[in-house]
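Asks: Each chain, letter by letter, is given below.
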Amino acid sequence: MNKRTYQTAAFLLAALFALPALAEDAVSFALVVGSNRPGQGQEPLGFAREDASRFGTVLGELGGIPAEHITTLFDPGVVEIRQALREMTVRVARRTQLGEKTTFVFYYSGHARAAALNVGPEEFALKDLRGLLEAVPATFKLIVLDACQTGAISKVKGVTPAADFSYNSVSGLTTEGMAVIASSAASELAQESERLRGSFFTHHLVAALRGAADANRDGLVTLDEAYDYTYNRTLVDTARTAVGKQHVTLETELSGEGETVLSRPGGAKAWMALPGSLEGEVLIYRASDQQVMAEVHKASGDELTLALPPATYRAVIRQGERGFECDAGLLQGAVHAVRLEACRPVTLRQLTAKGDGPRRREHLFFEVGIGALYSRSDRYTVRLRDFGYHGEYDGDPVFHFSAAAYYSILRYLKVGLHFSFLDENRFTDAEERFDWRAFRLGVDIRGAWPLADDWLTLYLQASGGLAFATTHYRNDMPSTLTDDPLPVVEDRETFWGFHVGGGGGVQLTPWRWAGFFWQVEYLWAPVIENLIDDTHDSGGVALTTGVLGGF
Amino acid sequence: MIRTREMKALLLLLVGVGAFACADAGEADLQNEEFRVWCGESACAWTVDQGKVERVPTWHRKVYGIGLTDDPTRISQVLEMENVRCLFLTLLADVDDAATLYWEIDYYNDDIDAPEHTVKIAVSDWETTHREASVPEGCTEARIILRKTGRGRAVVAKADISGNVYCAAEPPSGVDPLLDSDCGPDGGLCEE
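Chains as they are written, first to last, in the working numbering: chain A, 2 to 552; chain B, -7 to 184.
Stretch-level coverage of chain A by chain B, calculated; a stretch enters the list once three of its residues show a Cβ under 8 Å from a Cβ in chain B:
hint, stretch
1, 379 to 392
2, 472 to 478
3, 527 to 534
I should point out that these hints are in silico values taken from the structure, not numbers from a laboratory. Where is the CB? At the ideal position from N, CA and C, for every residue including glycine.
Take these sequences, add in the hints, and give me the full structure.
Replies: Below is the structure:
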């Protein structure tokens, strides 16, 4: 057995025989709230809901709180939060009356100002929140507040704090048996990170609970350990941003409880171990959905073990100008040790991309394509033939082009504005010519399934919106019937209507911001009408290929 | 190298095909058969013999048909023929229920009031109908007549005539060569 193996075994044994933690010998409950919705004068947050989801997950995995004891609210109103708190009070009270120790965790990520949480357009006064939290008869209460307003690139939480939220909230909420961790100190702005896909604070707090904060390697993360780690990592990360430093605050008023254990990574289902010899910045993300699990600074010396759900992960390690990429398949009940010698070296350019996290979802991207459109014969075109005209494009594909802009509202869901060619045909008869062109402008709803690290994406989409067409009739009157030449008859018309359609395609994005797509779509636009109640169904099957780019 | 006997056979085949092709031809074309050329309020190539006509938009606001409005209304055009024993009419029209449309032929163009051939054509909703009429031997001129009776309106968008040297229809016996067998189940062609 080498040194690393001994360290890992010691970690697991320590976790196995550790003194019972508060979370272990108590019945625990949690209310987790994430709200992206802005209040008046605020911008929507990007990741508050995801932060709440991640925090709730780690409470369930490592915090000893059964899933049925965790209530998670996304974008709730004040009434819903109040109701959930009252329900928690009742549930905790029932267990307390049975003489059991109880723990209650309240987590909030969202907007806030000095005196209130901003729950969308509503305000939840801290005074009221305090009253409801005090009414929860738990032995120990942990309040985690990641409250913020938003900014531009690093989204700022608290653009114009009338007073410091954290200071006010902590001083207003701390009571006996209660600990409050808040994401920022006086006059500071809490921030979100596009790279981490979450707030700096919650990201590092979750990583801490997964074991990054387990300084004494006993398999338990205490309140102090979690705070120390989160404080340092949040401070270091935010010091690099344009917004500035963010100091995490902790206020406790606990009596006679000793160490307060928040999580037990030693009792997890799987672990990833970073060896003591490894030094550098390590980013770990889940391969299947690119979810960043932890970004830690690994110092040379002790081994660092992180508790993660069994899955396949990728670790990107930066060592100065060098970089490495390692795949790690974590199995149930096993420790996967990252060995640098088994990792792939990556170039500085690759490192920059990898170090910036997984391939990010482009919020806005554009597609421009060309292709072929196969239109149909219908009652309208049959009628033209009855009147003696001959279709020039009968059965032949016509040139098709399209341009679209899409916005990712969710990882798998995009909405887009689409303009494309819809139809073209020409019917002639001796001196006469009648031709038309049709176009569409509408909205697409696209469901996308990224594969192979987002290099390949399959998608299905539905379309609908406006359609319009222009027709042109021209008759070069024959001169044989009259002595004097007759004037040429010419007429143009415009038709408006609707279109619907649906289809699917494939995106290939070998570059970070650009790629190609191939798409097949069926469109239907009953737009062009004649005077004898026939309507032409523009559209048909469109095959399109093109380029896409996003930012 | 092609031998003389084979060459003769090939020539005979070509001559035969050419003769068949020639025999199928007959010259008989109406002018302005689709009514799309108008000289003011009159269709340039058609004569209004009775009643009143008007220019009526058909499928497009600039593509006109000829509306036969009065009761009765009659328009005609003299057709010169060569080597024709049969006339085929292709008619595209929309006829009201309260109107009746007839296709008449005055062979030799000698008396427009006594056409030798008359068929009733019942069409609506811009249907295309086809009719056939036998031409007396030696006839080189005929007046093609479209006549409407009744209060309703008939709009004709196309009246195309073509000729052939053969004919399945019975030859005209002098006056009104209508046959019972022409009265099909659709009522498209009936005795006057």
